[in-house]
Structures are given as structure tokens and as C-alpha cells.
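Using the sequences and the hints, build the whole thing.
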Amino acid sequence: MIVIGSPMTDEKEVEHLVTRVFFKSIELLGGMSKLAEYRTLTWLPSLARASYVVVLKDQYMKTDEEIAEIVGLTKNTVRNILRADPELALRKVKALEELVKEESKELKVHTAGGVAKLAYREVKEGREAQTLIQYCSAVAEDMAKILEIPWAYLVLKKTKGIHYPITDSSSLKEKLQGVSIKGFSAEEVISKLHYPIKNPAELIHEIKQVLLNQ
Amino acid sequence: MDREEFQKLYGDGEVLLDSVFKGSQAIEKAPKIYGVPTGIEGLDDLFFVVVSEKGKIVKKNLGGIPAYSVFNITGVSDTGKTLMVEQFAVNQASKGEKVAFITVETPANFVASSLKLRATAMNLNFDDFQDNIIIIDAASSTRLRENIPDLLATLAHVIKEYKVKFTVVDSVTGLFETKEMLARAVVRRLFNFMKKWYQTALFVSQKRSGHEELTAEAAGGYAVGHIVDGTMVLAKELVDSSYKAKLYGKPVGDIVRLFRIDGCRMSGHDTKTHFLEITESGLVKIGQPIGK
Numbered sequence: 272m273i274v275i276g277s278p279m280t281d282e283k284e285v286e287h288l289v290t291r292v293f294f295k296s297i298e299l300l301g302g303m304s305k306l307a308e309y310r311t312l313t314w315l316p317s318l319a320r321a322s323y324v325v326v327l328k329d330q331y332m333k334t335d336e337e338i339a340e341i342v343g344l345t346k347n348t349v350r351n352i353l354r355a356d357p358e359l360a361l362r363k364v365k366a367l368e369e370l371v372k373e374e375s376k377e378l379k380v381h382t383a384g385g386v387a388k389l390a391y392r393e394v395k396e397g398r399e400a401q402t403l404i405q406y407c408s409a410v411a412e413d414m415a416k417i418l419e420i421p422w423a424y425l426v427l428k429k430t431k432g433i434h435y436p437i438t439d440s441s442s443l444k445e446k447l448q449g450v451s452i453k454g455f456s457a458e459e460v461i462s463k464l465h466y467p468i469k470n471p472a473e474l475i476h477e478i479k480q481v482l483l484n485q
Numbered sequence: 002m003d004r005e006e007f008q009k010l011y012g013d014g015e016v017l018l019d020s021v022f023k024g025s026q027a028i029e030k031a032p033k034i035y036g037v038p039t040g041i042e043g044l045d046d047l048f049f050v051v052v053s054e055k056g057k058i059v060k061k062n063l064g065g066i067p068a069y070s071v072f073n074i075t076g077v078s079d080t081g082k083t084l085m086v087e088q089f090a091v092n093q094a095s096k097g098e099k100v101a102f103i104t105v106e107t108p109a110n111f112v113a114s115s116l117k118l119r120a121t122a123m124n125l126n127f128d129d130f131q132d133n134i135i136i137i138d139a140a141s142s143t144r145l146r147e148n149i150p151d152l153l154a155t156l157a158h159v160i161k162e163y164k165v166k167f168t169v170v171d172s173v174t175g176l177f178e179t180k181e182m183l184a185r186a187v188v189r190r191l192f193n194f195m196k197k198w199y200q201t202a203l204f205v206s207q208k209r210s211g212h213e214e215l216t217a218e219a220a221g222g223y224a225v226g227h228i229v230d231g232t233m234v235l236a237k238e239l240v241d242s243s244y245k246a247k248l249y250g251k252p253v254g255d256i257v258r259l260f261r262i263d264g265c266r267m268s269g270h271d272t273k274t275h276f277l278e279i280t281e282s283g284l285v286k287i288g289q290p291i292g293k
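So the sequence lines, in the order shown, correspond to chains A and B.
Residues 272 to 485 (my numbering) make up the first sequence, in order.
Residues 2 to 293 (my numbering) make up the second sequence, in order.
For the record, the hints were derived by calculation from the structure and aren't laboratory data.
Be careful, since some hints might not be right.
With a straight-line Cα cutoff of 20 angstroms, these simulated DMTMM-like cross-link-like pairs (lysine to aspartate or glutamate) come out [said to hold, decoys possible]:
#, chain 1, residue 1, chain 2, residue 2
1, A, K305, A, E396
2, B, K96, B, D79
3, B, K237, B, D255
4, B, K117, B, D129
5, B, K286, B, D46
6, B, K180, A, E336
7, B, K247, B, D271
8, B, K180, A, D439
9, B, K245, B, D255
10, B, K96, B, D19
11, B, K96, B, D132
12, B, K180, A, D413
13, A, K283, B, E147
14, B, K164, B, D129
15, B, K180, A, E340
16, A, K463, B, D19
17, A, K428, A, E374
18, A, K463, A, D439
19, B, K273, B, D263
20, B, K30, B, D19
21, B, K117, B, E42
22, B, K251, B, E278
23, A, K395, B, D19
24, B, K60, B, D271
25, B, K197, A, E396
26, A, K305, A, E369
27, B, K197, B, E98
28, A, K469, B, D19
29, A, K346, B, E181
30, A, K453, A, D413
31, B, K180, A, E399
32, A, K365, A, E419
33, A, K469, A, E399
Spelled out as C-alpha cells, the structure:
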């Protein structure tokens with residue numbers, strides 16, 4: 272008989288997910304530079320707490336009491352974070368300057384909760400923070416170089432800094448102008464891709480599909 | 002991300018083309034339904050499909066529960082829920098199929114000895130096929146029991162590694178023991194997982210003392226039963242009046258065990274209430290309908 276008595280997962284999984292949601296929350300609020308400019312870096316602790324709470328609730332189905340214990344908040348604060356309305360937070364994020372005026376010192380628990388919920392949803396749907404995507408793209412570029420796949424290396428190198436998800440061909444065309452991919456002009460290949468493209472891996476995959484069909 | 006882009010992305014909702022299928026496209030992906038024998042005497046004949054043969058509509062016996070279905074097996078304590086799922090696991094394993102058995106209440110070593118007893122009663126040599134059963138011991142591991150993502154990741158690993166087609170969870174109630182308000186979310190996630198991995202699955206689900214005996218209601222409320230494909234209800238009743246004595250054909254003071262199938266989304270099924278028997282050797286048998 273085969274008995275499996277402990278989880279076959281990485282202990283660090285909660286850690287990574289919370290951090291990814293945290294990064295995405297920062298991005299939703301304009302990024303580190305905007306936070307610094309508006310003198311609102313003080314928002315970060317509330318964002319970190321809210322990200323932690325939302326992940327524990329939605330992904331790990333913890334009770335409010337358990338979450339309060341893990342994160343070190345009162346049960347009431349946990350409830351307030353979880354009750355936050357992401358749509359309201361979205362409106363606030365869109366009018367960032369007003370939000371800065373209203374909640375300059377500390378981000379309200381409700382707002383932080385709403386932003387974290389938005390960020391969690393984005394991450395779950397595959398729209399990671401740009402910081403992570405750019406880093407992954409750089410690693411992939413190195414990998415393509417090591418594995419000696421020139422076209423993939425070139426595409427990743429040239430598209431550095433492009434905003435994901437790529438929703439249409441225009442930004443790609445601009446970045447890959449004049450490039451030839453395995454003997455085909457980049458323009459031709461780009462026009463045959465399926466959009467939106469969520470990340471560098473999808474971009475390479477899409478291009479490969481087109482090349483295979485040529 | 003500038004505002005315009007934001008609007009573009011989140012503005013008035015997004016069209017999710019990936020989730021839209023034409024009927025013909027969906028049917029291409031649909032698995033073929035066939036019967037999975039359960040090893041429980043009298044149960045396999047209670048499921049059927051309707052097919053058209055030579056222009057006539059014919060009711061055809063499925064010979065087991067529909068493949069890829071997810072069933073709740075619910076009842077109060079000592080009604081034979083665990084026996085049923087053990088028989089199912091042993092029966093499939095003896096045929097060379099791989100079965101994942103998630104135990105949430107009894108530690109793995111006790112489950113193993115119980116499965117062995119069941120095999121002996123079914124006249125099978127457990128040693129011949131014991132490695133076809135993979136026990137995931139969530140009873141002994143708090144992390145497996147309390148963290149659904151960890152449990153599902155582990156089960157996914159087991160399904161891939163051993164090519165498992167059948168999954169038993171005894172019991173789902175144990176996964177939300179102290180947080181019943183999450184019952185629906187837990188069961189929903191398990192159900193989606195089983196569908197994603199094409200598992201034919203049985204979930205043992207406890208009844209609470211306040212629930213009506215022969216309904217599909219289980220811990221977490223009726224809503225839990227709505228999620229799964231169907232429910233098998235197990236009950237026991239004390240014959241405490243001459244009316245019941247006449248109805249069940251048993252003397253006053255006896256206990257009768259009852260069984261019925263409460264809905265099955267994936268095939269037709271018998272709708273009568275049947276007698277259920279637990280034999281001396283510890284096997285569940287489904288008997289005649291009551292009143293017959």
C-alpha cells in the first residue's frame with residue numbers, strides 16, 4: 272500500500288503568492304516612484320497586511336480568527352479588509368491624486384483591502400506585476416542565449432520594457448522594427464499572432480506557432 | 002499603467018472568448034459516459050441511460066455509477082458510508098485501476114486494515130492489488146487537512162504519478178470541521194478539481210442531527226448537495242410503531258437501514274427508497290425497494 276502523509280508542495284507557496292499580490296498592489300497604486308513622489312510610501316505596511324489577509328482567505332480558506340493570528344491583526348481589522356469593495360478601490364485608484372489628499376498618511380483599511388483584492392484577481396488571471404515579468408523576460412533572454420536560439424533571444428532583447436499583456440500588434444511592431452525572425456520579417460510574423468499576450472513565454476510560444484505554420 | 006489603459010483593461014468588463022463554446026465544440030471535448038462498477042451488490046443496476054436503437058427509445062442499464070461523476074454519500078453515523086467507499090476502492094483496485102483514497106478522519110494504517118477486511122469479505126486477496134490504492138493521510142497531517150491548496154496539489158501529484166482515475170474522500174466534512182460556513186467553497190473547489198482531472202469521485206459527507214434522514218442535506222446545508230453531480234443517501238430508522246412494522250415488514254424494535262439516490266446529473270437513476278443491509282462480514286448491500 273502506498274501512503275502519502277505530508278503535502279507534496281513547496282512550503283514557500285503562500286509566501287510567494289502574498290509577495291506577488293503585494294507587488295501587483297504597488298503597481299495598481301502607480302508604482303514605487305509615484306508612491307515616493309506623493310510621499311505615500313507609508314501605505315506599504317497596510318498593503319502588505321491586506322495582501323496577506325486576502326491570500327489566506329481566498330486561496331487558503333482560513334477563518335478570520337486564524338488569519339488574525341497569523342498576520343497579527345485584530346479580528347475586526349481582518350473583517351474590514353475582507354469586506355472591502357474592490358470596485359470602490361478601483362475608482363479611488365483611478366483618481367489617485369484625490370486619494371493621496373484624502374488618505375495621505377495612512378491608507379484606510381478598506382482601501383488597502385480593496386486594492387489587494389483587485390491585485391489578487393489580476394495575479395490569478397495571469398496579469399502579474401510588470402516588475403516580475405521584466406525580470407522573467409531578462410532571465411528568459413539569458414536562457415535563449417545559452418540554449419542558442421537566436422531568434423528567441425533577439426525577440427526578448429528587443430522587447431525589453433514592453434508592457435504586458437500586449438493587447439495589439441502596434442507596440443510589438445515598434446519594438447521589433449527591421450528584425451528578421453528565421454528568415455521572415457518580424458512585421459509579417461507579428462500580424463499573425465493572437466492577442467492579448469500575457470507574458471514573454473506566451474509571446475515566444477505564439478511566434479513559434481506562426482513559424483511552424485509557415 | 003496610465004488611466005486610459007486601465008479603462009481599457011478593466012473598464013466595462015472583458016469578453017472571455019476562451020469560455021464560449023458552440024455546442025459542437027463542447028461535444029468534441031465531452032468524455033464518453035460509461036458505467037463504473039462499484040462492488041456494492043444491488044447498486045450498479047440502479048443507473049441507466051436512454052439510447053435510441055433502431056428508431057426506438059430504449060432504457061439501458063449502465064452497470065455502475067456514471068464515469069467522471071462526483072457523488073456525495075451522506076448519512077448520519079453508522080449507516081455504512083465508509084464501508085461503501087471502501088468497497089468501491091477495493092473493487093476498482095482489484096481490477097487493476099488506481100484509486101486515490103484521501104482519509105481525513107481515520108489515520109492511514111487503520112484505513113489500510115479496514116480495506117483489507119473489506120477485501121477479505123469480498124473474497125479477494127488484498128496483497129495482490131494493495132499498491133493500486135494510494136492513501137493520502139490528511140487525518141495525520143494538519144497541513145493537508147487545513148490547507149486545501151496543499152491537499153489538491155498533493156492529489157494532483159498522485160493522479161499524475163500513478164495515473165489515478167478514481168478518488169475517494171472520507172470525509173469532506175472533515176475538511177471544514179471548525180468552519181462550516183466555508184463548506185460550499187471547499188466542496189466547490191474539490192468538485193472543480195475532480196472535473197479538471199477527469200476523476201470519478203465519491204465524497205463521504207456527514208449529516209447533522211437536525212437534518213431530515215432521507216434528504217440530500219448534509220453538513221454545510223443543501224447548497225453542498227447542489228454542487229456535486231448527485232447524492233446517495235443512507236439512513237437508519239427504528240421500527241417504533243405498528244404502521245412502520247407493516248410498511249417495512251419488520252417487527253417493532255428492529256432497526257431498518259434505507260438507501261436512495263437523490264439526483265444524478267449524468268445519467269438516469271432509480272428513484273425508489275431501497276432497503277440497505279450491512280452483512281456480518283461488513284459489506285453493504287442494496288436490497289429491494291420498500292413496499293415491494
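Cross-check of the supplied hints:
For a cut-off of 20 angstroms, the pair hint linking K305/A to E396/A is broken: about 25 angstroms separates their Cα positions. Annotation: proposed proximity of K96/B to D79/B is violated, straight-line Cα distance about 28 angstroms (limit 20 angstroms). At most 20 angstroms may separate the alpha-carbon atoms for a hinted pair to count; K237/B and D255/B meet this at roughly 10 angstroms. Restraint check for K117/B and D129/B: the C-alpha separation of about 11 angstroms stays at or below 20 angstroms, so the hint holds.
Distance hint between K286/B and D46/B is fulfilled; the C-alpha atoms sit about 12 angstroms from each other, no more than 20 angstroms. With a C-alpha separation of about 11 angstroms, the suggested pair K180/B and E336/A falls inside the 20 angstroms cut-off, and the hint holds. Distance restraint check for K247/B and D271/B: the Cα-Cα separation of roughly 23 angstroms exceeds the 20 angstroms cut-off, and the hinted pair is therefore not satisfied. A C-alpha spacing of about 46 angstroms is found between K180/B and D439/A, which places the hinted pair above 20 angstroms, so the restraint is violated.
Under the criterion of a C-alpha separation no larger than 20 angstroms, the hint pairing K245/B with D255/B is consistent with the structure, at around 10 angstroms. A threshold of 20 angstroms between alpha carbons decides the hint, and for K96/B with D19/B the separation of about 38 angstroms lies outside it, so the pair is violated. With a CA separation close to 12 angstroms, the supplied pair K96/B and D132/B stays within the 20 angstroms bound. For a cut-off of 20 angstroms, the pair hint linking K180/B to D413/A is broken: about 48 angstroms separates their Cα positions.
Straight-line distance between C-alpha atoms of K283/A and E147/B comes to about 16 angstroms, which keeps the hinted pair within the 20 angstroms bound. Our distance criterion of 20 angstroms between C-alpha atoms is met by K164/B and D129/B, whose separation comes to about 18 angstroms. About 16 angstroms separates the Cα atoms of K180/B and E340/A, which keeps this hinted pair within 20 angstroms; it holds. Pair hint K463/A plus D19/B holds up; C-alpha atoms about 18 angstroms apart against a cutoff of 20 angstroms.
With a CA separation close to 40 angstroms, the supplied pair K428/A and E374/A exceeds the 20 angstroms bound. A C-alpha spacing of about 11 angstroms is found between K463/A and D439/A, which places the hinted pair at or below 20 angstroms, so the restraint holds. The straight-line distance between the Cα atoms of K273/B and D263/B is roughly 10 angstroms, inside the 20 angstroms bound, and the hint therefore holds. Under the criterion of a C-alpha separation no larger than 20 angstroms, the hint pairing K30/B with D19/B is consistent with the structure, at around 14 angstroms.
As the CA atoms of K117/B and E42/B are separated by approximately 18 angstroms, the hinted pair is consistent with the 20 angstroms bound. A C-alpha spacing of about 13 angstroms is found between K251/B and E278/B, which places the hinted pair at or below 20 angstroms, so the restraint holds. Proximity of K395/A to D19/B is assessed by CA-CA distance (about 16 angstroms); at most 20 angstroms being required, the pair is judged to hold. With a CA separation close to 12 angstroms, the supplied pair K60/B and D271/B stays within the 20 angstroms bound.
At roughly 17 angstroms between alpha-carbon atoms, K197/B and E396/A fall within 20 angstroms of each other, so this suggested pair holds. Note on K305/A and E369/A: the hinted pairing holds, with a Cα-Cα distance of about 14 angstroms set against a maximum of 20 angstroms. At roughly 19 angstroms between alpha-carbon atoms, K197/B and E98/B fall within 20 angstroms of each other, so this suggested pair holds. A C-alpha spacing of about 14 angstroms is found between K469/A and D19/B, which places the hinted pair at or below 20 angstroms, so the restraint holds.
Between K346/A and E181/B the alpha-carbon distance is near 18 angstroms, which keeps this suggested pair within the 20 angstroms criterion. Pair hint K453/A plus D413/A holds up; C-alpha atoms about 19 angstroms apart against a cutoff of 20 angstroms. Annotation: proposed proximity of K180/B to E399/A is violated, straight-line Cα distance about 31 angstroms (limit 20 angstroms). Between K365/A and E419/A the CA atoms are separated by roughly 44 angstroms; this puts the pair beyond 20 angstroms, and the hint is violated.
For a cut-off of 20 angstroms, the pair hint linking K469/A to E399/A stands: about 9 angstroms separates their Cα positions.
In the structure shown, a violation is registered for the earlier hints numbered 1, 2, 7, 8, 10, 12, 17, 31, 32, in ascending order.
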